[in-house]
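Chains as they are written, first to last, in our numbering: chain V, 5 to 166; chain X, 4 to 806; chain C, 2 to 297.
Treat the hints with care, as some may be off.
When the alpha-carbon atoms are kept at most 30 angstroms apart in a straight line, the in silico DSBU-like pairs for lysine-lysine are as follows [claimed, not checked]:
1. K10/X <-> K595/X
2. K91/V <-> K30/X
3. K10/X <-> K123/V
4. K160/V <-> K595/X
5. K573/X <-> K25/X
No lab work stands behind these hints, which were simulated from the structure alone.
Since the model is a prediction, treat every value here as computed from it, not as a measurement.
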Amino acid sequence: MTALVQIQLTVNGTSHEAHVEPRTTLADFLRSQLALTGTHLGCEHGVCGICTILVDGRAVRSCLMLAVQADGSEIMTVEGLGGADGKLHPIQEAFIEEHGLQCGFCTPGFLIAIYELLKDNPSPDDAEILDVLGGQICRCTGYQSILRAVHSAAAKLGAAGA
Amino acid sequence: MTVEIPKSIEELPTSEARWVGKRTRRKEDAALLTGRTRFIEDLVLPGMLHCAILRSPFPHARIAKLDTSEASAQAGVVAVVTGEDALRWSQPAASAPEGWGTHCIASELVRFVGEPVAAVAATSRYVAEDALERIIVDYEPLEAVGDPFAAMEAESPLVIAEKGTNVMMQRLFTWGEVDQAFADAAHVFTEKFRWNRLGANPTETFGAVCEWDPMNLELTVHGSIQAPSFFALGRAATFGLPSNKVNVKSQAHGGSFGGKGGTRGTDIACMLSRKAGGRPVKWIEDRMEYLTSGGSQAWDRHYEVSLAVAGDGQVTGLRVKLVDDQGATGEGYAAISAAKPLAAFTGPYTIPVAEYDLTLVATNKLPAFPYRGFGPPPHFFVLEQMMDIAARSLEIDPAEFRRRNFIQPDQFPFTIPSGNEYDSGNYEEVLDQALSLAGYQELRREQAEAREAGRIVGIGVASAVEPGVFDWNAYRSVGVPGIGVPEGATVSIDILGMITVRVGFSLEGQGQYTLASQLVADYFGTDIDAVRVVQLDTQSAPPSFGPGGSRLGVAITGAVLGACERIREKMCAVTAVLMQTEPDQIKLRDGKFGIPGVPEASMTVAEVAGTMLARSDLLPPGVDPRPEATHVWTAAGRTEPDEQGRAKSYLTAAQAVHVVMVEIDRDTGFVEILKYCLADDCGTRLNPMVVQGQTEGSVAQGIGAALFEEYVYDADAQPLTATFMDYLIPTINEIPPTEKAEVVTPSPFTPLGAKGCGEGAIHTTPAAVMCAVNDALAPLGTMAREVPAAPNRVWNLIRATQS
Amino acid sequence: MKPAPFEYLAPTSVGEAIAALQEFDGEAKILAGGQSLMPMLNMRLARPGLVVDLRRVADLDYIDERGGRLAIGAMTTKRTVERSAAVQTGQPLLHAATVSIGHPQIRNRGTVGGSMAQADPAAEYPAMAVALQATLKVVGPGGERTLDAEDFFVTYLTTALEPGEVLTELNVPVFDTKNGWGFSEIARRHGDFAMAGAAVTLTLDDSGCCAEPRIALFGVGATPVRPRTTEDSIRGQRPSEALCQAAGKQVSEEIDEPLSDVHASADYRRNLAGVMARRALADAMRRLGADIASTA
């Protein structure tokens, strides 16, 4: 066992200090040490995108980061997106309305990837959406409902912001 | 008491259904979308340990030495198990065919890459994996066999030596005068096809937390388990436990598609728990384990198919010879996938006679498991290619050729040669809708123009039948007993009129908790959000199988409505006493019990329930005071198979027509889907939003099957597809949008007229895409006989025409 | 799939990183964006004694225009590169190669230096660097040196970096309208590693004939491959569809036996290399004003 490393990071607005083994992945840290189990693991080799979270505003694979690399970072997981006060984020609402999820296991990763996309680009076209969603695997939906949900969420956010 | 279950939405006790048959948002979604749904990997129990499994790198080898002492001594390791423990504590896995199971950990021989040889329970998965590296195993490699034809040769190494052969089962089914039909036929077409291994790959792999109670000799398994009661029986058999001493609690899980697998890992975690004095042991299969060693692989098939066709284009006979590579054991029940085509052998056509020459072969590959569709998708791939070969040869348009052979609406219920009965359908209407949606004639014109311009463009028109509501009797021929698959639900109304439905299956993605709520809300006239659905474990639940074989939507509808009917009868009896009339005078309508034509005689469901539970003084003596009932639904009229395997098995027959246009890049062999249209008929759509979702998802899996997904082994049975970079799940970039049309021909035999539709489009999609590919290739004088039509393969075909 | 144990260091200077690499004598691995190293760690295919994380090293994240060239710090993420106006206008081939890598979620973490040092033969960046005659700045115990991209990639996953050396900068030329370029790749799925690809640069001489053609192929050899016979045969020729066709054919013929895997046989890769070279070359010519059909 190697020496533990102290890290400090902010997750969903809450500051945490923790001691981690260097080898602990960020995904495992969030799930095990912070009990944020909404971030799921699908492949642990960076292909499926299910573990996608926001690190310093960027959507990244949490299985391809060590917890120690997140020292000093600001992180958002699906738990930070909406729902804490019983109110869903417009992207989540759009997923319900468009049936953008079935088993729901891949969904947190999609939500975060879409969150980043719409933050940068409030009304993306299909090609721009596909560029991002191409990095997320879903086995249930066939993606068409997710594509509809992204457009719908963009419209909701646009209307809310207008 | 006989329970009459409504056969249509109109028969529900409501003036107008507000939920059933309507696009209804899923009550499952909010928790899933906020990361609150608890999947198995999220479950943490006090004292829980983590399991990691050491697996064989050889497809066939003798274990000369196994030393776990260093691993056992490592800090953080609590228990280690090996094949010796498996021999001591467990039985070989149950299997189909029977007698082809092995122990969960190999003790002397390993028979496939990925077979467990030892396992560790430690304080974390990291530590457990560290310990695996300290286990010393010396293997003496043995000759392996990875090809089923080689495996049938006399000199082949034997996968399970005690069996004396690698042929797990060989059987010839003959339905009618097949020889005569082929002798009389104006045309006989014969082709060989290859369907390569592929499989489920749900985004969540399998996982379980196992607790062995050493004092009471009881076992509790929490897991991402598709069929909890079946799984519980399997564990009881494996460990020699009484069946009532195994309790399975299935978690919500991240998809299954039949290929969750997990029995070996569960049994290993159970033994580790036993060795660790009963501490819970969690086993989470990782993706590489799933791909190489899990329930991931299905349908490894070699076909030879013949079609007999009369001069007028009537298909008069079908012969299918299938050699199915089952892998090393029968533990995955993959044999049922070879048997299921009996339920729809001749597809949507009136082919009068047929023959099925079925051989199941063991090789040193991963044991095969089921996958969405459970076997017919490859069968329809070959049948539809044969239909096109015949149509092309007879110069009949493929859509027209199918039309000529369709079962007609007035022929239902229609018994196919292999014995199953199709309930209802209107196949020509479905075809017309699909063709119209696609603009078929215009597409053909576009294709002609594209060909003029030198492009390789093809159109596929394919149709298939989806057998719905599986029945065990369909699998009798591969050694699985039983007729009927009971599904139960308990509906309870509490003292304040709030309604709870208790079921025996967990969330998997198909929206059945919403469906149960839709049914109850419309039945008792409540709001859908007022209905709660609760999952029970196997020790508490009514008989239940869960999702599988496109059954649960229909089955849970039967169970819930049956329970509602039983409650209604009880409540009518009570209301009748209160209203001083006879029970048959009392009607339930829009949430009120009353006497028709007497407006003042009216009580709400809550009032009657409250009376039953809180006013015993008003109840007649002997009345059952519970506003609660359990109903166990099973399909009526299922029959015992005859000597040729013929039975009324699957209750419903949904049908679809898909029209697909593809273009092939001459330079690279890449197949691009230019247009995808489909029409389907699955009877009453209980939640059209969910049906659409199942269709879209199933199309994607079908496209994966047709163009992308394949487990590759080298000649020595070594797997070459161990990651998601090798096994290609389509992303959004590979899945085109679909245009869809609906036809509704209710089933006369099912609750509300619904048909099984969960497996859905994968029955038709691979066939349709491959028909399009072959339509494109036909002018070049070549044909794709192998699935998937990967670019390298298609390029090879094109190149061969040029040399 | 959990990493084996290792020590961890996040130095704040290149010098500190070099010292750590030296101390661990070949047992240390540099962690940049982690998009290649992390899967290897998770699968326990990489088992370093020490991971040296460069994230805190100052001044490795920049894109500077200097003397007609772009200097890009090794820790610059691909997402930064892709969004850089200097790259978009000044080095379109680099931009095209960048957006062909994986997905935004990968490019958000993956770095320029990481891709170069990983030297995956199926990756876009090494071929891009060879086509662009990029130079690479390397700092080691003995000081700083500059390598031509062509000399940097030694063989499969192996570079000219000596133990103790750290790659700090990629340097590429700025293009103007006189620079033709093409980038073409083919993968089973959008975003996958390519089965084959080609990066092409090209200029025209005063008579409108091809000058300085450079083709760098990826996915077909142990390093980026330059089909020099084909380049020679293009030089001095007038751009045309026929020339692209001939060049593609020649590429297929001249390259060494490519590797074979589950997605592409050697034969098929040989063909794809020619097709990708042809398409990239046609794009390059088209960008220089040649009238070549988009189907070429």
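Going down the list of hints, with the structure as the test:
1. K10/X <-> K595/X: OK: K10/X and K595/X at ~21 angstroms, within 30 angstroms.
2. K91/V <-> K30/X: holds (15 angstroms)
3. K10/X <-> K123/V: violated (49 angstroms)
4. K160/V <-> K595/X: Violated, at about 40 angstroms.
5. K573/X <-> K25/X: holds (29 angstroms)
This entry does not satisfy hints 3 and 4, going by the numbered hints stated previously.
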